[in-house]
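Engineer: Sequence:
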Amino acid sequence: MAHPKRKISKTRRDKRRTHYKLTAPGLAQCPTTGEFHLPHRAFWLDGKLYYKGQVIMEKEVLA
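In full-length UniProt numbering, the protein residues as written are 1 to 63.
Calculated from the structure, these hints are not laboratory results.
Hints may be right or wrong, so weigh each one.
Ranges between beta-carbon positions, derived for each pair [as the list claims (entries may be wrong)]:
{"#": "1", "residue 1": "55", "residue 2": "11", "range": "53 to 59 Å"}
{"#": "2", "residue 1": "21", "residue 2": "48", "range": "54 to 60 Å"}
{"#": "3", "residue 1": "54", "residue 2": "24", "range": "24 to 30 Å"}
{"#": "4", "residue 1": "58", "residue 2": "31", "range": "48 to 54 Å"}
{"#": "5", "residue 1": "57", "residue 2": "31", "range": "40 to 46 Å"}
{"#": "6", "residue 1": "57", "residue 2": "9", "range": "26 to 32 Å"}
{"#": "7", "residue 1": "61", "residue 2": "26", "range": "51 to 57 Å"}
{"#": "8", "residue 1": "57", "residue 2": "11", "range": "51 to 57 Å"}
{"#": "9", "residue 1": "52", "residue 2": "20", "range": "54 to 60 Å"}
{"#": "10", "residue 1": "3", "residue 2": "59", "range": "15 to 21 Å"}
{"#": "11", "residue 1": "56", "residue 2": "26", "range": "19 to 25 Å"}
{"#": "12", "residue 1": "3", "residue 2": "40", "range": "54 to 60 Å"}
No residue lacks a Cβ here, since even glycine has one placed at the ideal position from N, Cα and C.
Please model the complete structure; the sequences and the hints are all you need to start from.
Structural biologist: Below, the structure written as structure tokens:
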């Protein structure tokens, strides 16, 4: 069974882990509404579903 020959210090361990970072998601702007959204995904705005600047679906209102 493999085991380390020497103890890895906390500093050396933490230096290795500095590369794990979160990145902010890239946002696209809708040409029709000007709303920011995730690229290549549909989004809701005022009860309408938009994709590529076009209305795909409208939300039904239950009475």
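Engineer: Hints first: check each against the structure and report whether it holds.
Structural biologist: Right, here's what the structure says about each hint:
| no. | hint | verdict |
| --- | --- | --- |
| 1 | 55 to 11: 53 to 59 Å | 56 Å, holds |
| 2 | 21 to 48: 54 to 60 Å | 36 Å, violated |
| 3 | 54 to 24: 24 to 30 Å | 27 Å, holds |
| 4 | 58 to 31: 48 to 54 Å | 19 Å, violated |
| 5 | 57 to 31: 40 to 46 Å | 19 Å, violated |
| 6 | 57 to 9: 26 to 32 Å | 57 Å, violated |
| 7 | 61 to 26: 51 to 57 Å | 34 Å, violated |
| 8 | 57 to 11: 51 to 57 Å | 55 Å, holds |
| 9 | 52 to 20: 54 to 60 Å | 34 Å, violated |
| 10 | 3 to 59: 15 to 21 Å | 60 Å, violated |
| 11 | 56 to 26: 19 to 25 Å | 22 Å, holds |
| 12 | 3 to 40: 54 to 60 Å | 46 Å, violated |
Hint check: violations occur at hints 2, 4, 5, 6, 7, 9, 10, 12; the rest are consistent with the structure.
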